[in-house]
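Asker: With the hints as constraints, model all of the structure from the sequences given.
Now for the letters of each chain:
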Amino acid sequence: MTASFFDDTHNLARKKDYLVLRAGLIQNIRLYFFNHDFLEVETPLRIPAPAPEEHIEAISSEEWFLQTSPELCMKRLLAAGYPRIFQICKCFRDAERGNLHLPEFTMLEWYVSGLNYLRLMEQCENMLIEAFNKMGCEEKIIWQNRNINLAPPWEKISVAEAFSRYAKISCDQAIADDKFEEIMADCVEPHLGTVQPTFIYDYPSAQSTLAKLKNGTPDIAERFELYIGSLELANGFSELVEAQEQRKRFLDALQARARKNWNNYPMPEKFLSSLEQIHAAAGIALGIDRLVMLLTDTKCIDDVVAFTPEML
Amino acid sequence: MYTASDLRKGLRLKIDNDPYVVIEFNFVKPGKGQALYRTKLKNMINGNQFERTFRSVDNFEPADLREKKMQYLYKEGDKYCFMDNENYEQVYLTEEQVGDANNFLIDNLDVEILLFEDRPIGLTLPNFVELIVTEADPWAKGDTVSGATKPVKVQTGYTIQVPTFVSEGEKIRVDTRTSEYLTRVKG
Chain H
1 MTASFFDDTH NLARKKDYLV LRAGLIQNIR LYFFNHDFLE VETPLRIPAP APEEHIEAIS
61 SEEWFLQTSP ELCMKRLLAA GYPRIFQICK CFRDAERGNL HLPEFTMLEW YVSGLNYLRL
121 MEQCENMLIE AFNKMGCEEK IIWQNRNINL APPWEKISVA EAFSRYAKIS CDQAIADDKF
181 EEIMADCVEP HLGTVQPTFI YDYPSAQSTL AKLKNGTPDI AERFELYIGS LELANGFSEL
241 VEAQEQRKRF LDALQARARK NWNNYPMPEK FLSSLEQIHA AAGIALGIDR LVMLLTDTKC
301 IDDVVAFTPE ML
Chain F
1001 MYTASDLRKG LRLKIDNDPY VVIEFNFVKP GKGQALYRTK LKNMINGNQF ERTFRSVDNF
1061 EPADLREKKM QYLYKEGDKY CFMDNENYEQ VYLTEEQVGD ANNFLIDNLD VEILLFEDRP
1121 IGLTLPNFVE LIVTEADPWA KGDTVSGATK PVKVQTGYTI QVPTFVSEGE KIRVDTRTSE
1181 YLTRVKG
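Going down the list, the sequences are from chains H and F. Numbering follows my numbering, with no gaps: position 69 of the first sequence is 69. Numbering follows my numbering, with no gaps: position 84 of the second sequence is 1084.
Treat the hints as calculated values from the structure; they're not laboratory data. Some clues are possibly wrong.
Said to hold, decoys possible - Here are the in silico distance ranges between beta carbons for each label pair:
#1 H:P190 to F:E1096: 31 to 39 Å
#2 H:L251 to F:T1003: 19 to 27 Å
#3 F:Q1090 to H:A95: 42 to 50 Å
Even for Gly, the Cβ is constructed at its ideal location relative to N, Cα and C.
Answerer: See below:
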């Protein structure tokens, strides 16, 4: 037996409390959706045509790809008359590894017909408050020495407002200077969700390939992110349901990807042709691993999964 | 060539013609935006450190670094002279480049000289060296408390804690990584 055998065994044993909590949390989330008339669905992990996004790269699997999110298949179900669906599944993203990233991670994704992004934020808030309560967090969460007050309503501010509050330059200027991510990560994110959970909404449309544009503002999409304790937890939006516009946005993303020599994906035609059947809907993806980090007061994603790629 | 996704702690890169080692690394990726690779880099020649954030489109040259076994000959002014055991060529390191290794550098010691593009920039000592004690207080009968130590001076001028029974003129083995006494050496 090698030293690393003992290290790994010790490492796995050490995580037991976290993994027990993780299993309980997932049960409680399922229960919420079950009690609120959602249907749990399963869609394939291995797909021929992932949604082209400029900054998310899929891992290829023979001629196909491992999903980066279950989004396209779930929206095809939505289009086919499944108005309230959720899924807890594995997603895969190439070359994403850090304290908050694993190349294989667990996503909770749900879609609701007839909602827009503002209503979806409220529903997300209700779901999490109920799940937190079931896990014994009634009023607050303490994460990395921060006391986060869970009392509703949670803070909701626009991305532009968050920049003007926390950064020295405006969101528009940051985009013009090609510094959006740097300013976001360095100046804005550290403040988000540190007193109470924060939704930031109305994102630049360039980073919202599948989101509906906000009426009359071509640069802004009806998209939001949820932060708790400066951890980015969930991303949601009003679904873009115009096939023509969606095709154009996919083409833009495919071109941007080609310039970086990233994988060339086929156009997801079946998804595009189903899109016109959706009238209005909103959907959201929430990182389960990070939610467990929050509830276990851990600062590294490695602590809340049994195995990291390095342990295999 | 390295790309940003190769970045990790310990990676050695060439930036602005100097070798750097990554001493801290983190991957961040806000929202659906592009990935940022946060690093803290240390210049392997002058020790200067700075933080820099890279993006996935960035790429880097690896630093051409290798080690070669050489023998320490002598110190002249503020230069330390070493001889390549293969071709008898002599190379020099500054006091700054030798740093604390100076405490254990004795004549004719074989060391690994770190070369950056064939230019010497540092050295690694063997893990263990044997040094002669040049100054030590005599051992007094009664100093028998187990674990008791006293400071002695060795031939390089360095002062080290040893058990009280070690006396002047004796040879001791020292771990250069921890600067700690290990044992007496006979003969």
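Asker: Now, for every hint given, state plainly whether the structure supports it.
Answerer: Verification of the supplied hints:
| no. | hint | verdict |
| --- | --- | --- |
| 1 | H:P190 to F:E1096: 31 to 39 Å | holds, 37 Å |
| 2 | H:L251 to F:T1003: 19 to 27 Å | holds, 26 Å |
| 3 | F:Q1090 to H:A95: 42 to 50 Å | holds, 46 Å |
Violated hints: none; the structure is consistent with every hint.
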